[in-house]
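From first to last, the protein sequence lines are chains C and B. Residues in the first sequence are numbered consecutively from 1, following the UniProt record's numbering. Residues in the second sequence are numbered consecutively from 1, following the UniProt record's numbering.
Simulated from the structure, these hints should not be mistaken for laboratory data. Be aware that a few hints might be false.
Identical copies look the same in the list; a pair holds intra-copy or inter-copy alike.
As the list claims (entries may be wrong) - Dumping the calculated DSS-like pairs for lysine-lysine here, alpha-carbon to alpha-carbon at most 30 Å:
| hint | residue 1 | residue 2 |
| --- | --- | --- |
| 1 | LYS180 | LYS157 |
| 2 | LYS46 | LYS114 |
| 3 | LYS46 | LYS141 |
| 4 | LYS80 | LYS160 |
| 5 | LYS160 | LYS40 |
| 6 | LYS80 | LYS157 |
| 7 | LYS160 | LYS175 |
| 8 | LYS95 | LYS40 |
| 9 | LYS197 | LYS141 |
| 10 | LYS58 | LYS80 |
Number of protein chains: 2
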Amino acid sequence: MGDEVRSNGNFSQSSGNSDDQSHATVIDIYSLGNYYFGSKEVIPFKDETLADRVQRMKSNYAAHGLRTCVQAVILVELFKHPHLLLLQVRNSIFKLPGGRLRLGESDIDGLRRKLSRKLSADETGDGIGWEVGECLGMWWKPDFETLVYPYLPPNVKCPKECTKLFLVRLPESRKFIVPKNLKLLAVPLCQIHENHKTYGPIISGVPQLLSKFSFNIIES
Amino acid sequence: MGDEVRSNGNFSQSSGNSDDQSHATVIDIYSLGNYYFGSKEVIPFKDETLADRVQRMKSNYAAHGLRTCVQAVILVELFKHPHLLLLQVRNSIFKLPGGRLRLGESDIDGLRRKLSRKLSADETGDGIGWEVGECLGMWWKPDFETLVYPYLPPNVKCPKECTKLFLVRLPESRKFIVPKNLKLLAVPLCQIHENHKTYGPIISGVPQLLSKFSFNIIES
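My request is simple: use the sequences and hints to build the entire structure.
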């Protein structure tokens, strides 16, 4: 693996004027081919109706208050364009890797735990940790329905769920070991942008949340 | 002016888990009533057809290359909800305050110049500078048409325009002096979000770009 930077792959990065924060706003991305993909035993999903799910969320809220979900934005390069890693459930729903925090768990610890569960060989990971970076955005669910907003809507005093997106930078190589009942996909940003219908509001907004970053495509 | 923080105004801010970057992701916002609004002489606009505009952009591109626009995201509080300051041109088009950089001008200098021209008593400002903060996002125009993308689309080697959005934090009080042919409006984030039809893709995405921030509403 080398570290030569493609001159035409990072055009968008080098055209800017002087920027004090330039170091923090560059993301090194590596080719999909740098990573190994394997599978492991299925992880059980709650098989429940929408009504059951709402009932469960209501009980959880009554017991523990606001639910916090943490999700990872993980990028690889393919055809010189950034691709986002998504998990597909039952050949239909797309999700960012992540999940719900345990009581008292920090965002970062919770996200690392979820990433190991869904993307690593075992719960404790495959020896390479997950580099959880900055929060890119937050979405609020004012009620137990499905609508989410990137702000707390006026007059909402008690939101029911907060979903936080974190940038997770990959090393130049690692193994992804994914449960057999999930499919891991690399989807180009240009396919995701504004594609609410397929990816929902949170995922389809990820290209915008990443737009302040420059992508530094590193060739193997 | 005091600095007491409303306990119910910053709920969204205090519910998070521990976050190393929490200091950088809080925006203090002040009531619209803290600011003075006045008017000044009109500033001339280029009155041209779309075809003329495209021709002008082509000539400029041939002479000077990629065009960079800088725009400001400026917030005030009203009804305990963040509002975005927008300029309205000819009672129809909405724009973020800003404009095109001069040759060799830095993002920050250019944005300060544009803000003074459109929002201050005179070109040199009204004695209070503009605190230009971090870049929130960038949009690329691959060609001289009107479509913009929050990434450089695949196979686009020579984008024609880049629009950069910067967070501009307001002091607790200042004067806005606006040319008579522009209208300055404070529009709630909840009205802007996903409202492409009225505000276009760049402005309607601002609530998402701000979603990682906590708003600290400071009472006067």
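Structure-based check of all given hints:
Within a single copy, LYS180 and LYS157 get their C-alpha atoms no closer than 40 Å, and across copies no closer than 39 Å, so neither meets the 30 Å cut-off. Within a single copy, LYS46 and LYS114 get their C-alpha atoms as close as 16 Å, which meets the 30 Å cut-off; across copies the closest is 55 Å, which misses it. Taking CA atoms no more than 30 Å apart as the test, LYS46 paired with LYS141 passes inside one copy only; the shortest distance there is 21 Å, against 44 Å between copies. Only between protomers do LYS80 and LYS160 lie at most 30 Å apart by alpha-carbon distance; the minimum there is 19 Å, versus 40 Å within a single protomer.
In this assembly of identical chains, LYS160 and LYS40 lie within 30 Å of each other by CA distance neither inside one copy nor across copies; the values are 33 Å within and 47 Å between. Proximity of LYS80 to LYS157 under the C-alpha cut-off of 30 Å is restricted to the inter-copy arrangement: shortest distance 11 Å between copies versus 45 Å within a copy. Taking the shortest Cα distances, LYS160 and LYS175 never come within 30 Å of each other, neither inside one copy (35 Å) nor across copies (39 Å). Proximity of LYS95 and LYS40 under a CA criterion of 30 Å is satisfied intra-copy only: 19 Å inside one chain copy versus 51 Å between copies.
Taking the shortest alpha-carbon separations for LYS197 and LYS141, both the intra-copy value of 19 Å and the inter-copy value of 24 Å come in at or below 30 Å. For the homomeric pair LYS58 and LYS80, the shortest alpha-carbon distance between copies (27 Å) is at most 30 Å, but the shortest distance inside one copy (45 Å) is not.
The structure shown violates the earlier hints numbered 1, 5 and 7.
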